[in-house]
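**Q** One-letter residues, chain by chain:
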Amino acid sequence: MSVNLHLNENSVLKLEGLSISFGGLKAVDDLSFEIKEREIFGLIGPNGAGKTTAFNCITQFYKPNHGKIYFRDKHGNVTNLTEHPVHEIIKLGLVRTFQNVELIRELSILDNVLIGAHIDFKSSWIAQGFKTKKARAEEAALRKEAIEVLEFLKIADRMNLLAGGQPYGILKKVEMARTLMCHPKLIILDEPAAGLNDQETIDLANVIRTIRDRYDCAVLLVEHDMRLVMDVCDKICAINFGKFLAVGTPKEIQLNKEVQAAYLGVKEENHE
Amino acid sequence: MKNKFNVKKNQNLSYLIFGAVLCTLPLWIELGVLKNSYLTLIGSVLIYSVAAIGLNLLLGWSGLISLGTAGFMGLGAYIAAYVTVNLKLPFEVSLLLGLAIPLVIGVLVGLISLRIEGLYLAIATLSVSEILRKSFEELGWFTNGFSGKSAVYPKLLGFITLDKYTTYILLVFFLIAVMILVNNLINGQMGRALNAMRGSEAAAQAMGVNLLKYRLVAFALATSLAALSGVLYMSFIKYTYPATWTLGMSLNILAVIIIGGVRNLYGTVLGAFVVFAMPDLFLKQIPYFGTMPGFAYIVNGILIILVILFYPRGLIYIGNDFKKLWGKLKARVAR
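Protein sequence lines, in the order shown, are assigned to chains A and B. Just so you know, my numbering puts 184 at position 184 of the first sequence, and the rest follows in order with no gaps. Just so you know, my numbering puts 178 at position 178 of the second sequence, and the rest follows in order with no gaps.
With a straight-line cut-off of 25 Å between C-alpha atoms, the simulated SDA-like cross-links for lysine to any residue are:
{"no.": "1", "chain 1": "A", "residue 1": "K68", "chain 2": "B", "residue 2": "N210"}
{"no.": "2", "chain 1": "B", "residue 1": "K9", "chain 2": "A", "residue 2": "M159"}
{"no.": "3", "chain 1": "B", "residue 1": "K9", "chain 2": "A", "residue 2": "E145"}
{"no.": "4", "chain 1": "B", "residue 1": "K323", "chain 2": "B", "residue 2": "L13"}
{"no.": "5", "chain 1": "A", "residue 1": "K133", "chain 2": "A", "residue 2": "R143"}
{"no.": "6", "chain 1": "B", "residue 1": "K213", "chain 2": "B", "residue 2": "V107"}
{"no.": "7", "chain 1": "A", "residue 1": "K134", "chain 2": "A", "residue 2": "E145"}
{"no.": "8", "chain 1": "A", "residue 1": "K134", "chain 2": "B", "residue 2": "I186"}
{"no.": "9", "chain 1": "A", "residue 1": "K122", "chain 2": "B", "residue 2": "E201"}
{"no.": "10", "chain 1": "A", "residue 1": "K235", "chain 2": "A", "residue 2": "A194"}
{"no.": "11", "chain 1": "A", "residue 1": "K131", "chain 2": "B", "residue 2": "Y214"}
Calculated from the structure, these hints are not laboratory results.
My request is simple: use the sequences and hints to build the entire structure.
**A** As C-alpha cells, then:
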C-alpha cells in the first residue's frame, strides 16, 4: 500500500518529474502537477509546448523516459500508469479523446459509441458467435446505455447514421460519448474546441461541466481557445518548451508574468 | 422480437433461407433443368467462399493483408486426405485435425509476423504459403508428391456414407454455419474491435483493444476458415496436387472479395461465383477467346479494374443501383 502514499486523499492524478525526449529534443521536461477529484483542469501552452506529448505519456501511447504518473483507479487503488500497457489504461478509469477526431467512418454513430464499451463485454467469443441469451442480453444492455449517453449529449436522433460525413461538431460529441461508456474517473480531452464555431464552443463548456457533474469525474483538457479554458477550468497549468511555467486558478494564470511572456513575448529591455 | 421473422432485419434468417435455396440445386439437376456439371461448379464456389470469408475478416474488417490463403487451404486439404485415407480415421477427426493443425501453425506464424504491417505482412504470409506448397511437393509420405492425393466422400458419424449430392448439402451446411457465426461476431464486440483497429489504431488502443491479440484472432480465424475450405475441398473434389495451392489461388481468393464486396458476406459468395464459376459457365461459350488459355485471368483483371472504378465497395452493391433505376423508371411511368 506504500504507493497509495504518493497521492493525496482527494487527488486523482499526479505527475512527478515527467520527462520524454525525441532524439535531442526534450518534448516534456520534468513536468509535475496534480489533479483533484471532480476538478476541471486545463493544460495550456503555445504551439509545440508539449501538451499533447504529455497527454500521450499519461495515456501510455508514449513511454516517458523519466517520472512517475500516479492515478487513483475506479476502486480507489493508486497505481503508477507507466507500469501498464496502453490498452489497459481505460480499465483503470482513464479515457481520452483525440486532437483529430479518431472515429470509424464506416460504422454508425451508435456502434462507434459501443466501441467505448469494449472492455465491458464479459461473455466469451463463442457465446457471442452463437448469440447465447446471455450474450444478447449483454449487447442489449450496453446498447441501451450507449443510447442514453447519446441522449444525454443530445445527438441520439443521429445514432443510426454513419459517422463518416457527419459535421465536425457532432463527431466531437460522438467521441466524447465514447469516452463516457466506461464510467471514467478522469477524461482527457485533446483540444475539444478545435474546429468548433463560437456557439458550439459555448455549448461545449456546458457539456464539459454537465459531464463532470453527472459522471462524477475529473476532466483534463488541452485547449488553445482561451475563452473556453478560462471559462470552464477550475485550475490551469501552463507549460512552454516542455517545461512547467505556472499553475493556478484562471485569474492567477492570466496575471502571471511568465505565462504572458510565453504567449506574447518579452518586451525588449531598454539597455542604457 | 417482432423483427425475428423479418428477413430484412434478421440477417441470420436470410442466410438460412439462402442455404435452403442452395440445397435445392441437386433437385434441379435431377429434374434435368440444370446440367450435371453445375453441381461441381457451384460446390466449388461454396468451398472457395468459406476461405474468402476468412480473408474478408482479415483484409476487410481488420485491414491486414495476407497472401497465404492457398497454403493453409492446401494444408487443410492434405490433412483431411491423410487422416481419412492413410490413418482410416472418421471424417469428424479429419475435420478437427484439419482445423487444429493449421490453426496452431497460423497462430505461431501470426505471433511472429503480425508485428509487421502492410506489404511486409503480405510478403511474410506469401513466403509461409510457398514453404507449405514446397512441403506438399516434397513430403511424399504425406501428400503423395506431384502425382497428387485422392480421397473419398466423407462418412459421417462412422456410418452415414455421403454421395455427391449429400456432400454438396454438407458444403452448404458449413458455408451457412460460417456465415451466421461470422455475422454474429462482426456485429458484436469483436467486429467493432476489428473495425476500430482498421479505422484508427490509436482509438482502438485507447478504448482497450489489445492490438496484437485482435490481429492474432483475425489471423487465426482466417487461417482456420482457409483450412476448413481445404477440408471441404478434399471431401467434395476428392483429389488434389501441389500446383493447386499456389500464389495464383491466394490472388483469386483476394479477387473474390475485391470483386464481390469487402466487408459483405453475400458479396463474398457473389465474388466467388464471379471468379470461380463465371469462366466455366459463360466465358468458355465465347467463340475463339473462350478457349484461349488464361482468358479468365484477363477477364478477372478487367473486372477488378471496373469494380474498383465503379463499385469500390464491391459488385454486391450493384443491387442498390438497380433499385434506384427501377424507382426512376416507375416515377417516369407514373408521370
